[in-house]
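Student: Protein sequences, first through last, are from chains D and W. Residues in the first sequence are numbered from 1 upward in steps of one, following the working numbering. Residues in the second sequence are numbered from 143 upward in steps of one, following the working numbering.
All the pointers check out, no bait thrown in.
In silico SDA-like cross-links for lysine to any residue, where the CA-CA straight-line distance does not exceed 20 Å:
1) W/Lys166 with D/Ala30
2) W/Lys244 with D/Asp102
3) W/Lys216 with D/Gly109
Computed spacing ranges between beta-carbons, pair by pair:
4) D/Arg62 with W/Lys215: 22 to 32 Å
5) W/Gln150 with D/Arg18: 18 to 28 Å
6) D/Val72 with W/Asp186: 41 to 51 Å
7) W/Val154 with D/Glu103: 33 to 43 Å
8) W/Gly155 with D/Gln23: 37 to 47 Å
9) D/Trp8 with W/Val154: 45 to 55 Å
10) D/Glu27 with W/Gly155: 39 to 49 Å
11) W/Asp250 with D/Gly38: 23 to 33 Å
Treat the hints as calculated values from the structure; they're not laboratory data. Quick caveat: nothing in here was measured; it's all calculated off a predicted structure. For glycine and all other residues, C-beta sits at the position ideal for the given N, C-alpha and C.
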Amino acid sequence: MPNESWAWLIEKVIPSQRGAGRQIIDEVLARLQHHQWGSHDVFSVQLALEEAIVNAIRHGNRMDASKQVHVVCKMSPQRIFIEITDEGPGFDPEQVPDPTDDEHLECPGGRGIMLMRSYMSRVEYNETGNTVVMEKERTDLA
Amino acid sequence: MVVHRRMQVSEVGDVSVVRFVDRKILDEANIQELGQELFQLVEDDKRKKILLNFVSVEFLSSAALGKLITLDKKVKAHGGRLKLSNIRPEIYEVFAITKLNKLFDIKDDEADALAAF
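Only chain D is shown next, with the shape it has when bound in the complex (with noise of 0.2 Å):
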């Protein structure tokens, strides 16, 4: 949404640990409850952005130290966007196969992305595919 102004924003840089993102996350639930989002919006955004930074910290750096997470969380009052890049080599998502296919239920991985695309409004990954831009229109009132 150009122009569109913003009411608060936070932006960090996190190291390819596991719980590096707990913080951030913490930070952006905070705001979204101090604003009376509904738990299900609640929900939805923390759903997705667990998904996606441990995405970027295992799948995207693999773990690796010397790399790190961007992670960019902007909101306004009916709208949330995340923005969140890893120094990895980037993946082309259409390549992820659907896990509630047949052949695939039964595989213990591959369900974070179709998580965060069902929950949030809007999910697209950069042509490298390292950043993951996601936006949640808000529903509900608390």
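Model the placement of chain W on the given structure of chain D, informed by the hints.
Tutor: Just chain W, lined up with the frame of chain D:
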């Protein structure tokens, strides 16, 4: 007596009923540990009937779903049965979106699940 850190296990008849310690099953290290504890129930303790009671669980990530899928495979490989119960609507939605509600036998509450073994 086996000490678990991520879950509590009680025996109801011949069913091992598991309740989770964490309200939010998110932390990767905790998920890893939870997986090991669940797998031990099947592989070491030879439990054939396992019920996972989600009453205390408010959130879980796809990595946690992965452990449940692996557990389901291990239980089936050992000729056992796995059931899930007390899943709150927000969490059930995650199972439904990923169609894992088709893979797992999910009951409304613990009594229903126990009766179905």
